[in-house]
Structure formats: structure tokens, C-alpha cells
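Engineer: Residue numbers (full-length UniProt numbering), protein chains in the order written: chain A, 1 to 215; chain B, 1 to 215.
Simulated crosslink set (BS3-like; lysine-lysine; CA at most 30 angstroms straight-line):
id : chain 1 : residue 1 : chain 2 : residue 2
1  : B       : 90        : A       : 15
2  : B       : 15        : A       : 111
3  : A       : 68        : B       : 44
4  : A       : 61        : B       : 61
5  : B       : 61        : A       : 15
6  : A       : 68        : B       : 32
7  : B       : 44        : A       : 90
8  : A       : 44        : B       : 140
9  : B       : 68        : A       : 32
10 : B       : 32        : A       : 61
11 : B       : 140       : A       : 15
12 : A       : 32        : B       : 32
13 : A       : 111       : B       : 32
14 : B       : 44        : A       : 140
15 : B       : 44        : A       : 89
16 : A       : 44        : B       : 90
17 : B       : 32        : A       : 44
18 : A       : 44        : B       : 89
19 : A       : 44        : B       : 111
20 : B       : 15        : A       : 44
21 : B       : 89        : A       : 15
22 : B       : 61        : A       : 32
23 : B       : 168       : A       : 44
24 : A       : 139       : B       : 44
25 : B       : 15        : A       : 140
26 : A       : 15        : B       : 111
27 : A       : 61        : B       : 15
28 : B       : 44        : A       : 61
Pair ranges (Cβ atoms, derived):
id : chain 1 : residue 1 : chain 2 : residue 2 : range
29 : B       : 41        : A       : 111       : 28 to 38 angstroms
30 : A       : 78        : B       : 78        : 51 to 61 angstroms
31 : B       : 31        : A       : 136       : 32 to 42 angstroms
32 : A       : 200       : B       : 190       : 50 to 60 angstroms
33 : A       : 41        : B       : 41        : 18 to 28 angstroms
34 : B       : 22        : A       : 88        : 30 to 40 angstroms
35 : A       : 184       : B       : 190       : 41 to 51 angstroms
36 : A       : 188       : B       : 31        : 15 to 25 angstroms
I should point out that these hints are in silico values taken from the structure, not numbers from a laboratory. As the structure is a computational prediction, the values presented were derived from the model and not from experiment. Where a beta carbon is used, it is the ideal one built from N, C-alpha and C, also for glycine.
There are 2 protein chains.
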Amino acid sequence: MYIFCTFVGMNYASKYLENAVNEMSQLPGIGKRTALRLVLHLLKQPESQTTALARALVDLKTEIRFCKQCHNISDTDICEICNDTQRNKKIICIVEDVRDVMAIENTSQYKGVYHILGGKISPIDGVGPGDLSITSLVKKVEEGAVDELIFALSSTMEGDTTNFYIYKQIEKYNIKTSTIARGIGVGDELEYADEVTLGRSILHRVPFENSLKVN
Amino acid sequence: MYIFCTFVGMNYASKYLENAVNEMSQLPGIGKRTALRLVLHLLKQPESQTTALARALVDLKTEIRFCKQCHNISDTDICEICNDTQRNKKIICIVEDVRDVMAIENTSQYKGVYHILGGKISPIDGVGPGDLSITSLVKKVEEGAVDELIFALSSTMEGDTTNFYIYKQIEKYNIKTSTIARGIGVGDELEYADEVTLGRSILHRVPFENSLKVN
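Turn these sequences into a full structure, and let the hints steer you where they fit.
Structural biologist: Structure (C-alpha cells):
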């Protein structure tokens, strides 16, 4: 409370400084104090750095498009992944957002395509099924363009709800569905794993020979 | 090392996204992962927010000036503090940077003016006396425009060195010099104070009546 009060009456000595701090502190996880530190840092750097940052931010909003097929970030109407002829378009991995695509792409283990929902059903945050790109996913299944759907949402209450909601809609089309494997992370110690994860990893154990097939 | 490697080959799906992340991660304390989070947040916000941020950053570099007298940040050639006729121009408080001015101004306890050095002497970081605005400070003293100099640099090796360097140069003019009081913070518990601070607070104890004069 005390620190908060101190900051309310902050004298920034310049309205341009104050403005920059206010705009910067709109970003998530950046408070006024951090914003001030960042802005004063920029002030010490050559003008080119600030201009490049400003330019990059403007370009971000004006130039970036979203793939018409999978809703991934893209510079073109159809993203690189959906355009890749080497990929199996009939296997679709459902993820929450772009970062999940990047994470999975980084593993180089997946050769199907994606479908980005843009979030998960969360009544508390005011996100309903209508706010997510579920209709276009169901349409893909309906058109018979899908062999397998991989659910890769986070295993939270919201993630599970979203999985179930989608599952109910595509159930009748009798396609293969799967979820990514949950278990003890590679290299993790058993004693530090939580009970739910450890329990599932025993229930969903895999044949030993499978574990030898790394990559 | 693993996380680092993972990020080097990150597939951003868009060169505009990658560019924005790279520029954002130039800021101190913002890594690629945080930069990505911030940039994806901006992507979800209305375009006006990004434009406002970009505009504020450009304005920052083009519009902000530094006060010709005290080197404080200012929208004008002479800053508000130096222009304030209510303030005693003959008492100068020497501080490292603009944030220190803001912190002291916030207390509303100081009615003199400031002199911002722009750092402290630190050979390790390649900062010598020539990189700081010491000459202009000595000139003020030389011209007889100063009654008292208050040293308010941080009490580190570098801060003490800088204080001493300045002191040596203005010693001969026989003006009053002081440093801000070091001691146990108001509201702090004695048992958690470090020995040096507690030791100094006993050595530099003040008459009890003084403690009654709060503000």
C-alpha cells in the first residue's frame, strides 16, 4: 500500500517520460517501476534502437495475419505448416495458442498439422465456446478431412472442459482421437513428482520396447 | 544450456513476430521468452494500444531534453525544479540518476536543487570521471553559486569513490558538504539490520528532540 501511494504521485519531470512509462506498464507483468527502468534504459541507447522497437511493434499489428486453415500466426494467408506438402493434413493437433505450436515444432517430432483454438473455455474469464475457433474445427471433421485429432490442451479444469466439449461434437464422426502422454518428465526424479502425474504414469505405462525407440 | 539451444532454433512462424521479439528482448531483464509473451499479448490487444506504445517510445527519444543546469530529464531547456523560484539554488544534492531525483522529490522534504552525475566512477564498467557531469558541478562551486553540497550517491565502493573524487576537487572552496543520513529505516526491526548500518546509526546518533520533529 505504501509503495503504491508513493507511485501515484510520482513526478516524472517530463510528460513524454510519463507517457512512455504509462504505455509500457500496460504490458502484462510490467509495473510502473519496471516500466520506468526500461524507459530510462531506452533513453540511454542510440535512437536507432528505439525506432527499431517502435517500428517492429507497429509492423506486428499491421503485417501479421492468421492462417485461414489453422489460425496460426503467419505472414501469408496460409501458414508455412499448412502449406508444407511433407505434412500429413489428416492428423490435427489441437492447441490453445501459438506458443504451444512453437513448443511442439521445436521437438521436430510431429509431422501433422495444427488447429489453434485461441484459448480454452473458461466461464470465470468470460471465455465461452463461441470465442474459440471450435466451429471451423468441427467443420474440418465433418468434411471428412481428418483421420486423427490429438488433444494437446493443458490438463487443467478449463483444458479438460474444452477437450470434452470438442469431443462431444466430433464423437459421432467416429474418427481417432488421442491426447498427448502425461507422465514423469524425461530426466525427472520420481520422488519429486506429484501423485496425480505419477499415478497416471503407472496406469498408462507403455511396453518397455517402446521406450527404446527414442526419436 | 538446453533451454538456450531450444530457443536458438525457435520457429516464430512470422518474420514480423520474430523481429518484434528480438527488439523487445534487447531491453534489460527481458529474455526471449518474456519478449514473446509480451508481443503475443500486444497482438491480442486493439491496434491503438500498440500504436500508442510505439508513438510514446519514439517521442521519448525525439522530445525529451536534459536540463542544462542539473542534467535532469526535462521537456524544456531548464527543468521544472531548476526553474522553481521557491527552491534554494544554493543547496545542491548530487545524485546518480533521474530515479534518485524522483525518489527524493516524492518525499517532499527537499527544497534545494539537484545535480545529476549520470552514474558513478566504476573502472570495471569503463566509467571514468570524464563520463560523468563532474566538471559542470565543480564549475558551479567555483563560481560561488553553491552554499552546500549534499552527497546522495549509493554507499557502495563506486559511490564512495565518486564522492571522494568530487570532494577532493571542491575541498579548496570551503563550502559546506554533507551526506544523507545512513541508519536503520523507519519502521525496521533492529535485529534484522546489518552490522555496518546499525553500527553507523549508533555512531551518528542524533539528539532525541530531533526525532520529535517529524516533517
